[in-house]
Amino acid sequence: MNARLRWRKLVSGFMLAMTGVCALIAVSVLFFILGYLVYNGGTSINWDFFTKLPTPVGESGGGMANAIVGTAKLLSLAVLIGVPIGFFGAIYLAEFSGSTMAFIVRYAADLLNGVPSIVIGIFAYTLLVLPFKHFSTFAGGFALGLMMIPITLRSTEEFLRSVPRSLREGSMALGASKWTTIMRVIVPAAYRGILTAVLLALARVAGETAPLLFTAFSNRFWSHGWNEPIASLPVMIFTYAIAPYEDWHHQAWAAGLVLLGLILMVNIVARVILSRGVSVPRS
Amino acid sequence: MATSSINVPSASPVEGSRSFLSKLKNGDEIARLVTFLFAASVVFITIILVFELWTGSALPRHKFGLQFFVTRVWDPIAEEFGALPFIYGTLVTSLVSLFIAVPLGIGAAIFLAELAPQKISDTLQFFIDLLAAVPSVIYGLLGVFIVIPLMRNWVQPFLKSTLGFLPIFSGPAYGVGFLTAGIVMAIMVIPYIISVSREVLLAVPRDQREAALALGSTHWESTWKVVVPFARTGIMGSIFLALARALGETMAVTMVIGNTPTISSSLFSPGYSIAAVIANEFTEATGDLYLQALIELGLVLFLLTFILNGVARLLILATARRGGGTAHA
Numbered sequence: 019m020n021a022r023l024r025w026r027k028l029v030s031g032f033m034l035a036m037t038g039v040c041a042l043i044a045v046s047v048l049f050f051i052l053g054y055l056v057y058n059g060g061t062s063i064n065w066d067f068f069t070k071l072p073t074p075v076g077e078s079g080g081g082m083a084n085a086i087v088g089t090a091k092l093l094s095l096a097v098l099i100g101v102p103i104g105f106f107g108a109i110y111l112a113e114f115s116g117s118t119m120a121f122i123v124r125y126a127a128d129l130l131n132g133v134p135s136i137v138i139g140i141f142a143y144t145l146l147v148l149p150f151k152h153f154s155t156f157a158g159g160f161a162l163g164l165m166m167i168p169i170t171l172r173s174t175e176e177f178l179r180s181v182p183r184s185l186r187e188g189s190m191a192l193g194a195s196k197w198t199t200i201m202r203v204i205v206p207a208a209y210r211g212i213l214t215a216v217l218l219a220l221a222r223v224a225g226e227t228a229p230l231l232f233t234a235f236s237n238r239f240w241s242h243g244w245n246e247p248i249a250s251l252p253v254m255i256f257t258y259a260i261a262p263y264e265d266w267h268h269q270a271w272a273a274g275l276v277l278l279g280l281i282l283m284v285n286i287v288a289r290v291i292l293s294r295g296v297s298v299p300r301s
Numbered sequence: 004m005a006t007s008s009i010n011v012p013s014a015s016p017v018e019g020s021r022s023f024l025s026k027l028k029n030g031d032e033i034a035r036l037v038t039f040l041f042a043a044s045v046v047f048i049t050i051i052l053v054f055e056l057w058t059g060s061a062l063p064r065h066k067f068g069l070q071f072f073v074t075r076v077w078d079p080i081a082e083e084f085g086a087l088p089f090i091y092g093t094l095v096t097s098l099v100s101l102f103i104a105v106p107l108g109i110g111a112a113i114f115l116a117e118l119a120p121q122k123i124s125d126t127l128q129f130f131i132d133l134l135a136a137v138p139s140v141i142y143g144l145l146g147v148f149i150v151i152p153l154m155r156n157w158v159q160p161f162l163k164s165t166l167g168f169l170p171i172f173s174g175p176a177y178g179v180g181f182l183t184a185g186i187v188m189a190i191m192v193i194p195y196i197i198s199v200s201r202e203v204l205l206a207v208p209r210d211q212r213e214a215a216l217a218l219g220s221t222h223w224e225s226t227w228k229v230v231v232p233f234a235r236t237g238i239m240g241s242i243f244l245a246l247a248r249a250l251g252e253t254m255a256v257t258m259v260i261g262n263t264p265t266i267s268s269s270l271f272s273p274g275y276s277i278a279a280v281i282a283n284e285f286t287e288a289t290g291d292l293y294l295q296a297l298i299e300l301g302l303v304l305f306l307l308t309f310i311l312n313g314v315a316r317l318l319i320l321a322t323a324r325r326g327g328g329t330a331h332a
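First to last, the protein sequences are chains D and Y.
Taking the numbering used here as reference, the numbering of the first sequence is continuous, increasing by one, and the terminal residue is 301.
Taking the numbering used here as reference, the numbering of the second sequence is continuous, increasing by one, and the terminal residue is 332.
Among the clues, some could well be false.
[As the list claims (entries may be wrong)] Derived DMTMM-like pairs (lysine to aspartate or glutamate); straight-line CA-CA distance at most 20 Å:
1) 66/Y - 83/Y
2) 27/D - 224/Y
3) 27/D - 213/Y
Calculated directly from the structure, the hints in this document are not laboratory data.
Quick caveat, the model's predicted, so the values are computed rather than measured.
Turn these sequences into a full structure, and let the hints steer you where they fit.
Rendered as structure tokens:
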């Protein structure tokens, strides 16, 4: 009996320790990735990376200035498309809609959220590339914007709903119209949550490569206006990493470091915004 | 729900129309309409997406029919298109990734939910969230320069010398292939399994644990025989969610799978996946049939993830209900 109990305790201790090991492995992957990128990217990065265009094959040096600007352009287009639809759609869901319509919209948003990014790329291609017969910044931004919609919509709705009912009723009792209540009371009360949702959505699409491959395509030069193919950091990492040139590999590491640094920074900032003195619960 | 607090039930239609007019004047009805248009556009976009995928793949659907799914040949020059090697590759790599990610992910989730103090659990969860934010192409980059050499020089020769009698560990060690893709994919889906499973485990009512402990079970026995079975459906949900992610995973897989449409019982063999072939060949597709065959692959991918996501959501919802229900009882 005693031996049996000791055995059971031993098993318990061992298995619980194993779960700790699992958690340790999972978390250490993050630090491994970061460490490797900082080591490899850090030795490859220099001022030229931010200011120069890519050089032709065989010529060393050069940078990815066009891809950095390209990513910024694509992301601003994505924000212009994704955030208004997500934000106002969420207001409708949280404040105006009946349950049937809300169910349909939520269902569509969840479905859109689950669509693989490469399929989003196909969709943007058939809609904005095929009819015009050329790749464009606009098509790429549209694809990324589509991916931002469901994330922004669902989290914004959640944060709007978590605003206490007494705030709404207080505003209404003072004679404010519903719209005034929403814009002056409810949205300000939930703004940290909404900002976090938008930032997280932005960080998520910033690293997307698959939807850009055949919408924004790539470009070894500056892209003018919104109607030309455009380079972006994720696509550059992809093409440079699988190319057989040593020099390009260094550039890929540098680009990886810059991209991951940006994404993790936005993530951390978003979470800090949310955790600092908020009245809404964490989602 | 929110509207019930302001809608005073009106007795006569005259009063009703007057309140509508006043609402129109202070902008409520306009706001309602405008926000409705934004919300409806989400539904509209989703419908168009399905429509485009369906009409965009009309040619191969009519030409090949169901043969598309069982044909092994993918020959753009002869205009012969069969999806079998890609479907096979997608399934095999996803299964390999789940084989690795499920035990690790659930183990880590148990640690976070049951064992670690709140502060440590939250900190670790923060890192896990960051890990989930790492883009796929970064995993691909590390896959190309670290995992592939590692597999070719160490892991595959080792597996071959110890378990080489199994057909899945035979053949030359190229480094690229199903196994490598599965491993990279596993690393990518672990954060999803951990986050969702942790949440379901935390939702298990406290009295379940206490009852098990009071009956004399050890900490592990209460966790493994009571808490985990209670959260079983939700954990299954997290696995389905991870599977849906894995199926649609594109960049990292494209970079390490080897991009050869083969069907081989060996996991060392280079292969191809649905998402990878779309990523690689879409811009080079000449001719309508070729392009539309790729779009049909996209449709297949869409349907697969659609079903898996639906099942996952139902399972997670079921556990959440169950947890909440017993807590009140």
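The hints, checked one at a time:
1. The suggested pairing of residue 66/Y with residue 83/Y holds, with an alpha-carbon distance near 10 Å, which does not exceed 20 Å.
2. Our distance criterion of 20 Å between C-alpha atoms is met by residue 27/D and residue 224/Y, whose separation comes to about 9 Å.
3. A threshold of 20 Å between alpha carbons decides the hint, and for residue 27/D with residue 213/Y the separation of about 17 Å falls inside it, so the pair holds.
Going down the numbered hints, you'll see the structure goes against none, and every one checks out.
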